[in-house]
Amino acid sequence: MESAAVPTPPPSTSATTTPVPSGGDKGLKKNAIGFVSSVVIGVASTAPGYSLAATLGFIAAAVALESPAVLLISFIPMFLVAAGYYYMNKADPDCGTSFSWVTKAMGPQLGWIAGWTIVVADVIVMANLAQIAGLYTFLLVGWDSAAASTAAVTAVGVFWIALMTAIVLIGIELSARTQVGLLGAEIITLAAFAVVALVKVYAGDAPASSIDPSFSWLNPFNLSLSEVSAGMLLAVFIYWGWDTTATVNEETENPDEAPGRATVVATLILLGIYLIVAVAAQAYAGVDSLVENQEDVLSALGTEVFGSPLDKILIIAVLTSAAASTQTTILPTARTTLSMARSRAMPKSLGKVHPRFLTPHVSTLAMGAASIVWYVGLTLVSEDILFDSLAALGLMISFYIGLTGFACAIYYRREIFRSVKNFFFVGFGPALGGAILFYLLIKNGIELSNPANSESGDSWLGLGPPLVIAGFFFLLGLFLMAIQWRALPGFFRRRPEVAPDGFLEGEAPQPPPTVAGGAE
Amino acid sequence: MGQIVVGYDGSDCSKAALEHAVGLAKGLGDEIVLVFGYAPPGIWGGEIAEHEEAIEEFGEKVMAEGKKLAEEGGVAVEVEMVPKRGAEALTDVAAACEARMIVVGSYGEAPLKGAILGSTPYKLLHQSEWPVLVVPAPR
Numbered sequence: 001m002e003s004a005a006v007p008t009p010p011p012s013t014s015a016t017t018t019p020v021p022s023g024g025d026k027g028l029k030k031n032a033i034g035f036v037s038s039v040v041i042g043v044a045s046t047a048p049g050y051s052l053a054a055t056l057g058f059i060a061a062a063v064a065l066e067s068p069a070v071l072l073i074s075f076i077p078m079f080l081v082a083a084g085y086y087y088m089n090k091a092d093p094d095c096g097t098s099f100s101w102v103t104k105a106m107g108p109q110l111g112w113i114a115g116w117t118i119v120v121a122d123v124i125v126m127a128n129l130a131q132i133a134g135l136y137t138f139l140l141v142g143w144d145s146a147a148a149s150t151a152a153v154t155a156v157g158v159f160w161i162a163l164m165t166a167i168v169l170i171g172i173e174l175s176a177r178t179q180v181g182l183l184g185a186e187i188i189t190l191a192a193f194a195v196v197a198l199v200k201v202y203a204g205d206a207p208a209s210s211i212d213p214s215f216s217w218l219n220p221f222n223l224s225l226s227e228v229s230a231g232m233l234l235a236v237f238i239y240w241g242w243d244t245t246a247t248v249n250e251e252t253e254n255p256d257e258a259p260g261r262a263t264v265v266a267t268l269i270l271l272g273i274y275l276i277v278a279v280a281a282q283a284y285a286g287v288d289s290l291v292e293n294q295e296d297v298l299s300a301l302g303t304e305v306f307g308s309p310l311d312k313i314l315i316i317a318v319l320t321s322a323a324a325s326t327q328t329t330i331l332p333t334a335r336t337t338l339s340m341a342r343s344r345a346m347p348k349s350l351g352k353v354h355p356r357f358l359t360p361h362v363s364t365l366a367m368g369a370a371s372i373v374w375y376v377g378l379t380l381v382s383e384d385i386l387f388d389s390l391a392a393l394g395l396m397i398s399f400y401i402g403l404t405g406f407a408c409a410i411y412y413r414r415e416i417f418r419s420v421k422n423f424f425f426v427g428f429g430p431a432l433g434g435a436i437l438f439y440l441l442i443k444n445g446i447e448l449s450n451p452a453n454s455e456s457g458d459s460w461l462g463l464g465p466p467l468v469i470a471g472f473f474f475l476l477g478l479f480l481m482a483i484q485w486r487a488l489p490g491f492f493r494r495r496p497e498v499a500p501d502g503f504l505e506g507e508a509p510q511p512p513p514t515v516a517g518g519a520e
Numbered sequence: 001m002g003q004i005v006v007g008y009d010g011s012d013c014s015k016a017a018l019e020h021a022v023g024l025a026k027g028l029g030d031e032i033v034l035v036f037g038y039a040p041p042g043i044w045g046g047e048i049a050e051h052e053e054a055i056e057e058f059g060e061k062v063m064a065e066g067k068k069l070a071e072e073g074g075v076a077v078e079v080e081m082v083p084k085r086g087a088e089a090l091t092d093v094a095a096a097c098e099a100r101m102i103v104v105g106s107y108g109e110a111p112l113k114g115a116i117l118g119s120t121p122y123k124l125l126h127q128s129e130w131p132v133l134v135v136p137a138p139r
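These protein sequence lines are chains A and B, in that order. The opening position of the first sequence corresponds to residue 1 in the numbering used here, with each subsequent residue numbered one higher. The opening position of the second sequence corresponds to residue 1 in the numbering used here, with each subsequent residue numbered one higher.
Quick caveat, the hints were computed from the structure, so don't treat them as lab data. All values derive from a computational prediction rather than experimental measurement. Warning: the hint list may mix true and false statements.
Said to hold, decoys possible - Straight line, CA to CA, 30 Å or less: simulated DSS-like cross-link-like pairs of lysine-lysine:
#1 A:LYS348 x B:LYS123
#2 A:LYS352 x B:LYS113
#3 B:LYS15 x A:LYS352
#4 A:LYS352 x B:LYS26
#5 B:LYS68 x A:LYS348
#6 B:LYS84 x A:LYS90
Said to hold, decoys possible - A few chain B residues that don't get close to chain A, going by computed Cβ distances all over 12 Å:
#7 ALA16
#8 GLY23
#9 LEU28
#10 ILE55
#11 ALA110
#12 SER128
#13 GLU129
#14 PRO131
#15 ARG139
To be verified - With beta-carbon atoms standing in for the labels, derived distance ranges:
#16 A:THR150 x B:PRO111: 53 to 63 Å
#17 B:ALA110 x A:PRO489: 48 to 58 Å
#18 A:LEU310 x B:GLU129: 23 to 33 Å
Beta carbons: idealized from backbone N, C-alpha and C, even for Gly.
Work out the full structure: start from the sequences and follow the hints.
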């Protein structure tokens, strides 16, 4: 401010204390965060407590004793595609999402559909979250008759969605330290649950249905291909969100230091906690009990393992996990529609930011409203909302994350033969991950076309409900894309790009951002 | 000549604050430093740069209006856009130019509501090392 007397002409602006990085390196440095925060983001986005509560019983129903094996192998495609996330984020260092990356690599039509799928997956996961949150809220206060009432659970679930939407809209954030504390408590609770359960199994204090753990539980080859793919479709959900770690710009003191340490640590934490909890739960209660209590598996088990009132800790862990997960779900998704709106791929109003809270409020509100409508609607027509929404989510996650894996290999197609490392991490790995996810999508699509293979056995239009849900939203997406294309064709005229020669070796400059500014 | 730091976001109460500050600046022969603090909420994943750009565009538009308002009032104006939350942005700028005071508007909401929604004047009153003047929104 020494030259304070010189007025700055608009619109050029300057910052006094923190210089705003201009142009190319924008975002990358400004948003770099520390190691612990990166790990916390990765684990909290995945929401281990909520994910386990939502999936464990259903996976057990699909694969019986092999749940741990399915959890283990489901990680493989997610891991392979996460490498793709990492490299796409290098080309487009703005913590983009599948929308911007697929648009860049494979053109605007597929990019649009990828963005749409993210939005739909978000709307559906909110229904799942709301159901779990509603159920566990009643279980927390011990009001079991309300927990058994669909109307009561739905009412609390709707309130929960509204509350989380409001929190994101206002932009309330927990401090980094609070996040670390909450997540730490969640992980410790889950670990304590697993340890106590296992101790009881070996001490003979577990119920008669308990089984001693066996290494064969980790062997996926004991299963048929149909069982593996059905289990994996449910289990991809459990790792969903973890991929954000690959796009968080980690602050390293030494820039040459291997990046992605946070991703590795987050991965170990997640894999460790999932495996130990899955093994402990099934050792303690046996498969039948997991399947019977699939709607509230952690609460039912917690009561037996911990006894009252300590079991409430597990319920609180699931609830805080669900709350953290909405925070990490709604905001990035609202930003995806903001990004789409700003590149004229969606109505302009979705790109507005609130003048006071600076949040993408129109996007956030639209998503909250859609989630409530969807949640209430699904509750009214489906007997088995948790399973149907979970399986439909699996189809959608497989689709857009798989697409992102292909996008990486395609975008870098001229780079992947430059070195062995490039070939495996940039080309083959992400493409293989994408192929596995697409295999899950197609295989399960075919299986779910037979209503007898869905959890409830419900038949909608002669098909399983999850397939109908996924298909309906896909067609709706095509329809909306056609409308937008007609109204504003500019975005849809974009050409796919390819990585500049030698970019990964640092021989080419940063390519210009695809989405920012937009092709008018 | 001193500097009067004004928090501005285009809202009615920030306009009231600016008007008041312009009057003061004229009398004192001071310059106005208009500040827009923007920190995109949530570092959690996806499309953060796009979000930041949207906020910057909004800020630039609003600040151009504010600058015009102040210039019409006949005082020298400087515009600062700081990528931090409102209160922190203001105290940082005030520290850098050793401002005479910070002027902000107040929505006039109940304390609890302000606490939930994040009240900048409230934070400033407690944390600023510079004098703070709070101007209520016109009713």
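Going through the hints against the structure:
In summary, the hint linking LYS348 of chain A to LYS123 of chain B is not supported, as the alpha carbons are separated by about 34 Å, beyond the 30 Å threshold. Taking the CA atoms of LYS352 of chain A and LYS113 of chain B, the gap is near 24 Å; set against the 30 Å cutoff, the hint holds. The straight-line distance between the Cα atoms of LYS15 of chain B and LYS352 of chain A is roughly 21 Å, inside the 30 Å bound, and the hint therefore holds. Proximity of LYS352 of chain A to LYS26 of chain B is assessed by CA-CA distance (about 36 Å); at most 30 Å being required, the pair is judged violated.
With a C-alpha separation of about 27 Å, the suggested pairing of LYS68 of chain B with LYS348 of chain A holds against the 30 Å cut-off. Restraint check for LYS84 of chain B and LYS90 of chain A: the C-alpha separation of about 25 Å stays at or below 30 Å, so the hint holds. The claim that ALA16 of chain B is not at the interface with chain A holds, since no C-beta of that chain comes within 12 Å of its own (minimum 15 Å). Every CB of chain A lies more than 12 Å from the CB of GLY23 of chain B, the least distance being 19 Å, so the non-interface label holds.
Separation of LEU28 of chain B from chain A is adequate, the least Cβ-Cβ distance of about 15 Å exceeding the 12 Å criterion. Its closest Cβ contact with chain A, about 5 Å, brings ILE55 of chain B to no more than 12 Å, contrary to its assignment away from the interface. The beta carbon of ALA110 of chain B is kept farther than 12 Å from every beta carbon of chain A, the shortest such distance being approximately 15 Å. Against chain A, the non-interface label of SER128 of chain B holds: every CB pair exceeds 12 Å, the least being about 15 Å.
Here GLU129 of chain B stays apart from chain A, with its beta-carbon at least about 14 Å from theirs, past the 12 Å limit. Once the 12 Å rule is applied to beta carbons, PRO131 of chain B is consistent with being away from chain A; the minimum gap is 18 Å. At roughly 18 Å, the least C-beta separation between ARG139 of chain B and chain A is larger than 12 Å, which holds for a residue marked as non-interface. In this structure, THR150 of chain A and PRO111 of chain B break the distance hint of 53 to 63 Å, their C-beta atoms being roughly 40 Å apart.
For ALA110 of chain B paired with PRO489 of chain A, a C-beta distance near 49 Å keeps the hint of 48 to 58 Å intact. A hinted range of 23 to 33 Å is violated for the C-beta pair LEU310 of chain A and GLU129 of chain B, which are about 48 Å apart.
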